[in-house]
Amino acid sequence: MKLQFTSTESRFLVVRILYFYFLLFTFDPHLETSKMAAARDNVFPTRMNLQTTKIRLRGAQTGHSLLKRKSEALSIRFIEIVKKIQEAKLNMGKIIQDASFSLAEVTYTAGDIGFQVRENAKIASYKLISKQENVSGVLLPVFEKSVQSSNAFELAGLSRGGSRVKQCKENYMAALDILVQLASLQTAFLLLDEIIKLTNRRVAAIEYIIIPRIENTIQYISSELDEQDREEFYRLKKVQSKNKEVQSNKEQSSSVPDIEYLNSTGTFFFFYLLFITNI
Numbered sequence: 001m002k003l004q005f006t007s008t009e010s011r012f013l014v015v016r017i018l019y020f021y022f023l024l025f026t027f028d029p030h031l032e033t034s035k036m037a038a039a040r041d042n043v044f045p046t047r048m049n050l051q052t053t054k055i056r057l058r059g060a061q062t063g064h065s066l067l068k069r070k071s072e073a074l075s076i077r078f079i080e081i082v083k084k085i086q087e088a089k090l091n092m093g094k095i096i097q098d099a100s101f102s103l104a105e106v107t108y109t110a111g112d113i114g115f116q117v118r119e120n121a122k123i124a125s126y127k128l129i130s131k132q133e134n135v136s137g138v139l140l141p142v143f144e145k146s147v148q149s150s151n152a153f154e155l156a157g158l159s160r161g162g163s164r165v166k167q168c169k170e171n172y173m174a175a176l177d178i179l180v181q182l183a184s185l186q187t188a189f190l191l192l193d194e195i196i197k198l199t200n201r202r203v204a205a206i207e208y209i210i211i212p213r214i215e216n217t218i219q220y221i222s223s224e225l226d227e228q229d230r231e232e233f234y235r236l237k238k239v240q241s242k243n244k245e246v247q248s249n250k251e252q253s254s255s256v257p258d259i260e261y262l263n264s265t266g267t268f269f270f271f272y273l274l275f276i277t278n279i
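Mapping of the sequence shown onto the working numbering: position 72 corresponds to residue 72, and the numbering continues sequentially without gaps.
Honestly, the hints are just simulated from the structure, not real lab data. Mixed in with the good hints there might be a few duds.
Unchecked claim - Mimicking DSS-like on lysine-lysine, the simulated pairs with C-alpha atoms at most 27 angstroms apart in a straight line are: (1) Lys-131 - Lys-89; (2) Lys-127 - Lys-166; (3) Lys-169 - Lys-89; (4) Lys-197 - Lys-70; (5) Lys-84 - Lys-169; (6) Lys-238 - Lys-250; (7) Lys-166 - Lys-145; (8) Lys-197 - Lys-68; (9) Lys-83 - Lys-68; (10) Lys-68 - Lys-54; (11) Lys-169 - Lys-94; (12) Lys-127 - Lys-169; (13) Lys-169 - Lys-122; (14) Lys-145 - Lys-131; (15) Lys-166 - Lys-94; (16) Lys-145 - Lys-122; (17) Lys-70 - Lys-84; (18) Lys-197 - Lys-89; (19) Lys-131 - Lys-197; (20) Lys-145 - Lys-83; (21) Lys-70 - Lys-83; (22) Lys-54 - Lys-70; (23) Lys-250 - Lys-237; (24) Lys-94 - Lys-145; (25) Lys-84 - Lys-94; (26) Lys-197 - Lys-84.
Take these sequences, add in the hints, and give me the full structure.
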């Protein structure tokens with residue numbers, strides 16, 4: 001079969017393909033993450049804040065590790081539940097089929113016994129008990145059956161078809177068991193699906209937003225503290241050099257009168273010796 005397109009349809013198809021390739025080669029999934037990761041907390045750069053931020057980083061890394069392991073444990077249990085649901089659905093088809101065929105045999109053998117069963121059923125003989133199962137901190141509902149001793153099939157099939165009625169009862173009890181099991185698994189499946197999505201979102205938020213934000217804050221505080229240390233060192237060097245300069249000026253100023261005194265004394269002795277020589 002050969003496909004034919006009109007000119008308008010072909011142009012529209014070409015535009016759609018080009019737009020798809022444009023999105024494919026220009027979309028960067030890490031762009032927003034890198035923008036969010038570049039942010040930091042507005043804190044004053046002190047050593048106390050640096051220590052507090054490091055403690056926060058260790059707490060975030062511990063929480064990320066715990067949530068990661070929780071997600072893995074829930075994913076393993078989720079896969080097990082999916083396998084059990086598949087097996088239960090495959091078995092349910094055969095069991096329901098057998099129950100329907102057994103009811104047809106009862107109807108053919110003993111006639112319609114539904115009215116008789118409803119008349120004898122005073123209380124429920126098949127009840128459900130709801131329990132909870134703890135899986136990595138998540139409470140999953142578990143349904144279990146509770147069968148009472150009362151029998152609503154006492155008079156059913158008394159005249160004929162008693163074995164067929166008994167077989168039909170057993171088949172429908174098995175059908176109820178598989179339905180209860182499937183309901184329990186399906187409820188746990190839906191709950192685990194939501195919990196796993198929530199846990200994965202938390203893990204991603206801690207890994208790509210919270211931890212990079214705290215690391216950027218630590219880097220900012222460390223750089224500011226290093227800059228302050230360099231400024232303090234430079235200031236101390238300048239103060240030390242200034243003190244040395246002042247000290248040298250004082251020494252020079254204190255040595256000038258001594259030199260003048262010596263010069264004046266030497267001049268006096270020179271004229272004194274000259275005067276004595278002339279005499």
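Each hint, compared with the structure:
| no. | hint | in the structure |
| --- | --- | --- |
| 1 | Lys-131 - Lys-89 | holds, 22 angstroms |
| 2 | Lys-127 - Lys-166 | holds, 20 angstroms |
| 3 | Lys-169 - Lys-89 | holds, 21 angstroms |
| 4 | Lys-197 - Lys-70 | holds, 12 angstroms |
| 5 | Lys-84 - Lys-169 | holds, 25 angstroms |
| 6 | Lys-238 - Lys-250 | holds, 18 angstroms |
| 7 | Lys-166 - Lys-145 | holds, 20 angstroms |
| 8 | Lys-197 - Lys-68 | holds, 12 angstroms |
| 9 | Lys-83 - Lys-68 | holds, 23 angstroms |
| 10 | Lys-68 - Lys-54 | holds, 21 angstroms |
| 11 | Lys-169 - Lys-94 | holds, 16 angstroms |
| 12 | Lys-127 - Lys-169 | holds, 16 angstroms |
| 13 | Lys-169 - Lys-122 | holds, 17 angstroms |
| 14 | Lys-145 - Lys-131 | holds, 11 angstroms |
| 15 | Lys-166 - Lys-94 | holds, 19 angstroms |
| 16 | Lys-145 - Lys-122 | holds, 19 angstroms |
| 17 | Lys-70 - Lys-84 | holds, 21 angstroms |
| 18 | Lys-197 - Lys-89 | holds, 25 angstroms |
| 19 | Lys-131 - Lys-197 | holds, 24 angstroms |
| 20 | Lys-145 - Lys-83 | holds, 22 angstroms |
| 21 | Lys-70 - Lys-83 | holds, 20 angstroms |
| 22 | Lys-54 - Lys-70 | holds, 24 angstroms |
| 23 | Lys-250 - Lys-237 | holds, 20 angstroms |
| 24 | Lys-94 - Lys-145 | holds, 21 angstroms |
| 25 | Lys-84 - Lys-94 | holds, 16 angstroms |
| 26 | Lys-197 - Lys-84 | holds, 21 angstroms |
Hint check: no violations occur; every hint is consistent with the structure.
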